[in-house]
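Visitor: Line by line, the protein sequences give chains A and B. The first sequence begins at 7 in my numbering and counts up one residue at a time. The second sequence begins at 3 in my numbering and counts up one residue at a time.
You may find that some hints are simply not true.
Below, simulated DSSO-like cross-link-like pairs (lysine-lysine); rule was C-alpha separation at most 30 Å, straight line [what the hints assert, rightly or not]:
| # | chain 1 | residue 1 | chain 2 | residue 2 |
| --- | --- | --- | --- | --- |
| 1 | A | LYS234 | A | LYS244 |
| 2 | A | LYS350 | B | LYS150 |
| 3 | B | LYS91 | A | LYS21 |
| 4 | A | LYS350 | B | LYS47 |
| 5 | A | LYS223 | A | LYS244 |
| 6 | B | LYS150 | A | LYS275 |
| 7 | B | LYS103 | B | LYS68 |
| 8 | A | LYS79 | B | LYS47 |
| 9 | A | LYS234 | A | LYS223 |
| 10 | B | LYS91 | B | LYS103 |
| 11 | A | LYS320 | A | LYS244 |
| 12 | A | LYS79 | B | LYS61 |
| 13 | B | LYS47 | B | LYS26 |
| 14 | B | LYS47 | A | LYS320 |
| 15 | A | LYS244 | A | LYS79 |
| 16 | B | LYS47 | B | LYS20 |
| 17 | A | LYS101 | B | LYS61 |
| 18 | B | LYS47 | A | LYS101 |
| 19 | A | LYS21 | B | LYS68 |
| 20 | A | LYS275 | B | LYS103 |
| 21 | A | LYS295 | B | LYS47 |
| 22 | A | LYS223 | A | LYS295 |
| 23 | A | LYS295 | A | LYS244 |
| 24 | A | LYS234 | B | LYS158 |
| 25 | A | LYS275 | B | LYS158 |
| 26 | B | LYS68 | A | LYS79 |
| 27 | A | LYS275 | A | LYS181 |
| 28 | A | LYS320 | A | LYS295 |
| 29 | A | LYS275 | B | LYS61 |
The hints are simulated quantities; they were obtained by calculation from the structure and are not laboratory data.
The lines below spell out each chain.
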Amino acid sequence: MNYRGPFRIRADRDKPVPQIEHPYDAIVRVTRSLICGSDLHLYHGMVPDTRVGMTFGHEFTGVVEEVGSGVQKLKVGDRVLVPFNIACGTCPFCKQELYGNCHESNPEATAVGGFFGYAHIAGGYDGGQAEYVRVPFADVSPTVIPEGMDIEDAVLLTDVVPTGYQAAEMGGIRKGDTVVVFGAGPVGIMAARCAWLFGAGRVIVIDHLDYRLEFVKNYAYCEAYNFKEMDDPVVFLKKQTDWFGADVCIDAVGCDASGSALQTITGKKLLLQAGSATALHWAVNSVKKGGIVSVIGVYGPPFNMVPMGSIMNKGITLRTNQASVKRLLPKLIDHVMSGRLNPKGIITHRLPLEEISDAYHIFSAKRDNCIKPLLIPPRANLA
Amino acid sequence: METKNKKEPDQISGIDRKIAEMPKDHIPGWGIDADPENDPTYPMKIWNGADYQRINYEKPPQQRVKMEVLHSIERPGITRVFGTSTPPKGLSGSIRRWAYKYSEATTAHWMGLILADRVNSVEGIIDDLKHGTIPNFFEERGWSAEWKYNRAGFIKNALTGLLVTSAVIVLCTKKNRK
Chain A
7 MNYRGPFRIR ADRDKPVPQI EHPYDAIVRV TRSLICGSDL HLYHGMVPDT RVGMTFGHEF
67 TGVVEEVGSG VQKLKVGDRV LVPFNIACGT CPFCKQELYG NCHESNPEAT AVGGFFGYAH
127 IAGGYDGGQA EYVRVPFADV SPTVIPEGMD IEDAVLLTDV VPTGYQAAEM GGIRKGDTVV
187 VFGAGPVGIM AARCAWLFGA GRVIVIDHLD YRLEFVKNYA YCEAYNFKEM DDPVVFLKKQ
247 TDWFGADVCI DAVGCDASGS ALQTITGKKL LLQAGSATAL HWAVNSVKKG GIVSVIGVYG
307 PPFNMVPMGS IMNKGITLRT NQASVKRLLP KLIDHVMSGR LNPKGIITHR LPLEEISDAY
367 HIFSAKRDNC IKPLLIPPRA NLA
Chain B
3 METKNKKEPD QISGIDRKIA EMPKDHIPGW GIDADPENDP TYPMKIWNGA DYQRINYEKP
63 PQQRVKMEVL HSIERPGITR VFGTSTPPKG LSGSIRRWAY KYSEATTAHW MGLILADRVN
123 SVEGIIDDLK HGTIPNFFEE RGWSAEWKYN RAGFIKNALT GLLVTSAVIV LCTKKNRK
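Same shape as in the complex, but just chain B (with noise of 0.2 Å):
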């Protein structure tokens, strides 16, 4: 399934470097204190120029693509490799494919894409039972590890747990009552 706003990186008009590269001769100074030593992404990035010939850059073969894949609007389309774990589905991935409509820059899409996995991690477990799979939470959450290394605090914790559980069943059969 190909993804929305697919267009290849290839038709990138070049305006940015076409405007960068055009001459300077009519601004007084120009380039007159340029410094090649002031470089404060040393030694992290080695410079060699490569920023301006991005637009023709050597590029891989394109991964087939043969799920849905969701890409970044920043981006006119997606990367040449891309990862194929759990593609978009059910309600999480109506709200993921509602997040990439926005740009990184905004809340929307970090707040939808948290929202989404919180559904998400609903869906696993409809998904389990649907499976035959009960959800071993013991298992799942280390908690035998916590028996093994902090035994009292997993007591206290078990036994705070089922206080407050048995107070809001107790309050909430009251009020049934009332």
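One chain only, chain A, in its complex shape (with noise of 0.2 Å):
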């Protein structure tokens, strides 16, 4: 895929096959790649550095093709889960297993570690949603998928399944908690459906779209409501927790919020803040005092409108990161194997690679009940 600016891309078949760049490397051939609801903010314009020509895609599997003379796990022809997050493995976040913070994976900020196909800000890869990717520091993060995973189940683990469960591990449940969730896309769905896991008492999801609640609601056993269709969601859910709020609430929305006229103008209308943060105000003010607020939704860089006081006053504790996906992968490895979670139930749009604007397009307009787009390349199934 080629990004041309704003709400623009292009299925670019002249893109050269990425060569190994550091001994540390392995060129990737992608068998199934996935729109990430993040992907979304770079398609809206909303991620500075996000430049003409570059490919999205942090979420895909494949197989290895050739690997740099200093990779001694991988080898060519395995069928591997590549996490989202670049990591070295030797810096001091990686280390302590903060993969998504790595410190040797991205010279352009170091707000954040390297990420596949996610704008100059995550270290300028090119992305997954193509045929071929290079895969930077391969003996670390990627993972051979294990024998008769599914391929769906294993693209899911690269970054939705680990957000939506760091979301949930992040909120500290205790058994019993009351859990809101803010946004039911794919990473708040696995979220709801992760907070079982943890011991939720009770799981509530809110979100503007019926079809998404209706899906929710089935999916991850938990409480649906439409904030369309409420004076003030903040009111609902505190009449809803014996007006003290709930134990624990996770932003599963981030910058591209609905909800508030003044959080959209000033933060998707005008970038006068990144993004608008509609879901973290909720989520602030209908938490208890002393409750846990989860963010896992994306925010650009800048700034954001929050209620620090509330924050503040509240005593709320505030706990927020990328997922480290290579930390949680052998834990939901075991999830996804025994059956407790069942990923590939979230895809609902299958498309080859080649019509990806159309993916864009459906994905980000919420078009014919989209959920999750799946993208297959031409190549996907050679032997």
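Please assemble the complex out of the two chains, which come individually in their own frames, going by the hints.
Guide: Below is the structure:
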């Protein structure tokens, strides 16, 4: 794929196959690739330093085609799932399993580690919505897909499942807690599903798209409400929680949130702040005093209008980070292989990579009840 | 091409650790209430003290720099690996170079990059035309999917666009005649 500017994407057959640039690199032929909700922030032109000509995509599986001279674990022919974090494995952050905060993979920003296909603020790497990808530090994060695992489950383990799981984990959920998830996109759905793994007593999801609310209700066994049918979602949630507030609130929306004209105009139209922080605003106001707000929704780097006074006065613990995929993979592979989690159940659209412009539009405009689109490159099924 | 402010991480002074590791015997009660269980980063961060050995951590080999790589001024140089997609060029590249003179804490940095992105999308169209490619906006914007799944909305938006454009043209023509 070839990004041409906000809302413009092209299937490009002339892009050269990537080369080994470093002894620890591998070249991977992509077999499946997903479009992430955070790719839509790039597509909408909201993420600084998104350059024309880039290839997006940080959720992909593939087959190792070539390895650099220093790669020892991965072999040509290995079928791998590639976590979205590019991690060196030896910096102080990677050593402490903060693989999303690697210090050696992103020269352009210190605020975030390197990711595939996510603008130059994440290192300027071309991503996996392509036929071939250069994968740095190939021995660190890429993981051989376990025997018997469905490739569609594997590709969702590169981001969506660990991100949703970490959202719940960061909530510090105790058995019996009421957990509110803002956003019924793929990550919100997965966060709601994973909240039960930590012993939540009640899980409530808030969104404004009925088809997504219907989906999450069935997929994640939770309650689901449309904020457009409420006068004020915060008051609704206070009433729902005996006027105390939820024990844990999860912002699984990030900078593209709807629901507040002020946030939308200043964040999404005028770009005076890093997108619209409506979900975070509601999360802070809906959580109980001394509660925990887990932020997994993606925000741009400059700044956002958030109710800092309430965070302080209510004694809220704010927990947030990019998912550390490699840290969570062993546990999540077990959950998938044992049938406790069914990631591929959220894939609603399967399209050839050549139809990527349509795929982005369908996902962005929420057409055809889209939850998660999967892209299949033309060479995906080569032996 | 090498980047400005190039300085290998090995040249970091280590002053922070030196100060932190100085004896604190002169401070009454130093460390008396330290509680290792009080760790709000658990379980995200597996605490093993690596933060305190950060100066001389084992670094991977350096990727060869064969193109211009901008880097944040909040670090001493480039990282051991970096992406090789789309090096800065043209007017947008100049704006990006300017923006990277400011730290990630400044509006100049981020707004400069957003401005560069907008300029870059115009450059992309010019570049396409130079290479004999006429951008297919209908296809690039996924409007065939819109036609398939939201035909009524598509027609409504197209007609609205047509109406607004016609109105603007008529207004401009009238003004010119006066």
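Visitor: State for each hint whether it applies.
Guide: Do the hints match the structure? See the list:
no. : hint                   : result
1   : A/LYS234 with A/LYS244 : holds, 17 Å
2   : A/LYS350 with B/LYS150 : holds, 25 Å
3   : B/LYS91 with A/LYS21   : holds, 18 Å
4   : A/LYS350 with B/LYS47  : holds, 29 Å
5   : A/LYS223 with A/LYS244 : holds, 21 Å
6   : B/LYS150 with A/LYS275 : holds, 27 Å
7   : B/LYS103 with B/LYS68  : holds, 21 Å
8   : A/LYS79 with B/LYS47   : holds, 25 Å
9   : A/LYS234 with A/LYS223 : holds, 17 Å
10  : B/LYS91 with B/LYS103  : holds, 16 Å
11  : A/LYS320 with A/LYS244 : holds, 14 Å
12  : A/LYS79 with B/LYS61   : holds, 18 Å
13  : B/LYS47 with B/LYS26   : holds, 27 Å
14  : B/LYS47 with A/LYS320  : holds, 25 Å
15  : A/LYS244 with A/LYS79  : violated, 52 Å
16  : B/LYS47 with B/LYS20   : holds, 24 Å
17  : A/LYS101 with B/LYS61  : holds, 12 Å
18  : B/LYS47 with A/LYS101  : holds, 9 Å
19  : A/LYS21 with B/LYS68   : holds, 18 Å
20  : A/LYS275 with B/LYS103 : holds, 27 Å
21  : A/LYS295 with B/LYS47  : holds, 25 Å
22  : A/LYS223 with A/LYS295 : holds, 27 Å
23  : A/LYS295 with A/LYS244 : holds, 12 Å
24  : A/LYS234 with B/LYS158 : holds, 24 Å
25  : A/LYS275 with B/LYS158 : holds, 22 Å
26  : B/LYS68 with A/LYS79   : holds, 27 Å
27  : A/LYS275 with A/LYS181 : violated, 41 Å
28  : A/LYS320 with A/LYS295 : holds, 5 Å
29  : A/LYS275 with B/LYS61  : violated, 43 Å
Violation of the numbered hints given earlier is confined to hints 15, 27, 29; the remaining hints are satisfied by the structure.
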